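Student: Sequence:
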Amino acid sequence: MIKVAKEVNGNVMTLRLSGSIEESVALDEMVGPTPPEVRVDCKEITRINSVGVKGWIKYFSGLQAKNTKLTFFQCSTAIVEQVNLISNFVCGGTVESIYVPFACTNCKAELIALFKTADLNPDAIQLPELKCTKCSGKAVFDDIEEEYFSFLSR
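Taking numbering that gives the first Met the number 0, I'd label the letters of the sequence shown as residues 0 to 153.
Some hints could be false.
Stated by the list, open to error - Pairs of lysine-lysine residues, derived as PhoX-like cross-links and limited to a Cα-Cα distance of at most 25 Å, are as follows: (1) Lys5 <-> Lys57; (2) Lys2 <-> Lys57; (3) Lys130 <-> Lys107; (4) Lys42 <-> Lys130.
As the list claims (entries may be wrong) - Simulated restraints, written as ranges between beta carbons of each label pair: (5) Glu43 <-> Leu126: 40 to 46 Å; (6) Asn10 <-> Ala123: 33 to 39 Å; (7) Pro100 <-> Ser135: 14 to 20 Å; (8) Asn8 <-> Asn120: 28 to 34 Å.
No lab work stands behind these hints, which were simulated from the structure alone.
This structure is a prediction, so every number in the text was calculated from the model and none was measured.
The C-beta atom is built at its ideal place from N, Cα and C for all residues, glycine as well.
The task is simple: from the sequences and hints, build the whole structure.
Tutor: Set out below in structure tokens:
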């Protein structure tokens with residue numbers, strides 16, 4: 000079940016979405032009228048199913064049709080997956096930042112780190128080496144680079 004927290008500052012609304020996006024998604028009812036710019040914090044979105052994807056695209060394409068400026072930030076790995084699979088998932092909006100999965104080579108702990116998409120070169124992704132927060136071991140990217148970052152080349 001998705002939860003929505005919203006904050007309006009002048010002509011900008013920030014939506015903080017959390018939980019899973021599924022059959023019950025009704026963003027238009029949950030959000031209400033929007034100003035000319037909407038920023039969507041996707042950090043806490045844990046999962047999205049096929050019906051949730053349809054509801055998401057219906058809602059945000061409606062905002063796109065009204066020329067609403069859309070920016071998606073702190074995109075969880077679940078959102079990054081959908082952005083890569085569905086070319087119009089952000090409905091003309093901008094993906095500002097994404098969470099990237101890492102795994103410790105020593106203790107196998109899973110970590111995520113936030114990166115601004117503007118700092119990622121789609122032709123040669125170079126991620127910094129991270130230290131594990133549990134054992135200080137080396138943490139390496141834990142996905143397939145060509146797939147995880149493919150949306151950057153669009």
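Student: Which numbered conditions among the earlier hints are violated in the structure presented, ordered from lowest to highest?
Tutor: Hint 5 alone not satisfied by this model.
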